[in-house]
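Protein chains: 2
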Amino acid sequence: MPNGPVGELIPPRRVLLGPGPSDVNPRVLRAMATPVLGYLDPDFIELMDGVANMLRDIFGTENGFTLPVSGTGSAGMEAGLANLLEPGDVAVIGENGFFGARLVEIAKRQGATVDVVSADWGKPIDPNEIENALKRNEKVKLVAVVHAETSTGVLQPLEEIAAITKQYNALLLVDAVTSLGGTPVNMDKIGIDFCYSGTQKCLGAPPGLSPVAISEKALEVIENRTTTPRTWYLDLGLLRKYWAGGTRVYHHTPPMSMIYALREALRVVLEDGLENRYARHEKNALALRAGLRNMGLNLLVPDEYCLYQLTTIEIPEGINDQTLRTSLREDYGIEIGGGLGQFAGKAWRIGLMGESSTQSNVLMVLSSLEKLLTNSGFEVGSGSGVKAATEIFNT
Amino acid sequence: MPNGPVGELIPPRRVLLGPGPSDVNPRVLRAMATPVLGYLDPDFIELMDGVANMLRDIFGTENGFTLPVSGTGSAGMEAGLANLLEPGDVAVIGENGFFGARLVEIAKRQGATVDVVSADWGKPIDPNEIENALKRNEKVKLVAVVHAETSTGVLQPLEEIAAITKQYNALLLVDAVTSLGGTPVNMDKIGIDFCYSGTQKCLGAPPGLSPVAISEKALEVIENRTTTPRTWYLDLGLLRKYWAGGTRVYHHTPPMSMIYALREALRVVLEDGLENRYARHEKNALALRAGLRNMGLNLLVPDEYCLYQLTTIEIPEGINDQTLRTSLREDYGIEIGGGLGQFAGKAWRIGLMGESSTQSNVLMVLSSLEKLLTNSGFEVGSGSGVKAATEIFNT
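Note that the protein sequences, when read in sequence, are chains A and B. Read left to right, the first sequence gives residues 158 to 552 (my numbering). Read left to right, the second sequence gives residues 158 to 552 (my numbering).
Hints in this document: simulated from the structure, not taken from any laboratory. All values reported here derive from a predicted model rather than from experimental measurement. A few of these clues could be false.
Put simply, identical chains are the same to the list, so a pair is met inside one copy or across any two.
Claimed, not checked - Derived DSBU-like pairs (lysine-lysine); straight-line CA-CA distance at most 35 Å:
hint	residue 1	residue 2
1	K503	K265
2	K398	K503
3	K265	K374
4	K298	K528
5	K296	K265
6	K398	K298
7	K398	K280
8	K398	K440
9	K292	K544
10	K298	K544
11	K346	K528
12	K528	K265
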């Protein structure tokens, strides 16, 4: 029995303040409605080059190779690990949240030996522990950490880890899925060899592509592999011949509409100015935090290494996670995230990323949360969230 | 030195009559401009279910599991081989074109032993040769063939190969990238275990997703693996927990805008009616072939196993491939494909897929080709291409 066609596409209106996707810039939505081109059309090739160049600006790199991998952020993660690691290689991976654990899992699937450096959820990885791991293994090929851990809200400082990694002549892979476009990544300055991100966080595009930047050193390692990568779809040696070769060698048909979207999103980011964008993410996050604290809520990550893109809140005792988030979504049209992994049922995650990072969204989520919490019997302590946030906005 | 933002997105207008992407239905373009939802939003989950159900209709299956894999057609290919094959498994793979060769390459990267069954480019795989391969190997896990070989224009008959494969208790994997939506696939009736396609051919959506259908038998094989698949991004066991689980377990953030696009495209396909759609592809292809032949051009695949979606033409002696295709693109706004692999520089590929398969496109490409060939000194033999095509349309 055939199912037949479904009805018209009429999704509800939502303000996306979860861990991503975040709201998409209207210019980006419109760009996707542009008719597609052939994958070897000179006009499309020019467009690819424009995207690759704008990505360089945003990653902070003038060297190596940049491209949007044809998959979501996790595809960028897999592309990095599958192309840089060969069976038997040793990787040191920082695991202090859900996405660090994913790095470990994917590295193992490449046949690599993984030395895991853990930290508690909500804390960054200790660079000394990375150094210990580099010392205790004969030859480490790769060190990998998550810059912005979306499961906990922790910003990982990179400078020290990068210096140690360089000292041991290993490659540094960094997950910048949630940081790129909201927090400086500074790939060349810090010395990152492989950095990947997603389009649906601070860049203001829908999910579907993973912007990737690769250093010259990492490219050499990829060129000198003795085995083929276990993935063909994400084989960067082959992808480079299409994205950066003098003669463009067809690999797979790129997702044109998503590339249009990313192109428009990157234009918006660069027109805004990176510094202005970082400052906006910071100010809105500070206002949100002040508001949440003024309502008597407990934040799970100290300000010292708390992301501006994502704030993790301890769910107060006696408050039902599901009930509150459902009401927030259905009655107020606001999506916030629940906890992942160790934080499931214990934390809320409020994202202020890209287009979603606005003063009005901060005020709206604080006001709605305050009302719902009060209705559920939670005693808002010292005062109003909106009031405290407004004070920050007015400074 | 930063590169700065590029200019406004203003791609040229093209009619896509190459090997894909094909033109996108305007309803589908518009659907992509719809704001995105969270990946666990109940409204999004409902939308996913709708897509999965419509895919069942189009694949011709009531069993197993359907989903759009978050990558292009080649990601669907890799998902199939990486999840069904384990290191040491034996696969028998038909190779009579560029995409058969890709199947072989990807299967090898899974650690499988591949017994290649070849046929000349432009010919289908001989089922007897598949049977010989099944006989000469102790235990074959998987037989793989390309239903519609986009590099040559050959339609592979599946019934006999499916029967033999079943007899030897192997799984049948079929590449339906170019066939789905334009030629019946009949997954259950024929007995296909794993079938994948692309959105940018006969479905009328942009490239970016790979619709996949998996039989119950193949799902069991995936469940009973003794090793994890080498890919995490395309791990179907994990993806199934998100796409079909009672509790939806987050795997990766799906490319919502592309899923909106596919959803709208599938609605259009089912509203058109599959039979009507197949008939349209057939009639337009017959008209194109009649026109090309009437102009004295030589088609590379006999009608007996020639695709309706794609017609391969021998480039006449004395005609410059690049010059003609560039003029067709720049002066007439029409893209046709060059040859791939063995056919590079020797063949043109004219696609009539999905939205691009229209009477007006047939007449336009014949008229433009005729003019350009005549200008290049080619003697159009017995007569006009447009006239011959019109006769077919009027029957």
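Going down the list of hints, with the structure as the test:
no.: 1; hint: K503 with K265; in the structure: within (29 Å within a copy, 45 Å between copies)
no.: 2; hint: K398 with K503; in the structure: between (47 Å within a copy, 23 Å between copies)
no.: 3; hint: K265 with K374; in the structure: both (23 Å within a copy, 28 Å between copies)
no.: 4; hint: K298 with K528; in the structure: neither (52 Å within a copy, 59 Å between copies)
no.: 5; hint: K296 with K265; in the structure: both (17 Å within a copy, 28 Å between copies)
no.: 6; hint: K398 with K298; in the structure: both (25 Å within a copy, 33 Å between copies)
no.: 7; hint: K398 with K280; in the structure: between (40 Å within a copy, 30 Å between copies)
no.: 8; hint: K398 with K440; in the structure: neither (42 Å within a copy, 38 Å between copies)
no.: 9; hint: K292 with K544; in the structure: neither (51 Å within a copy, 78 Å between copies)
no.: 10; hint: K298 with K544; in the structure: neither (51 Å within a copy, 66 Å between copies)
no.: 11; hint: K346 with K528; in the structure: neither (45 Å within a copy, 57 Å between copies)
no.: 12; hint: K528 with K265; in the structure: neither (46 Å within a copy, 59 Å between copies)
When each numbered hint is compared with the structure, violations occur for hints 4, 8, 9, 10, 11, 12.
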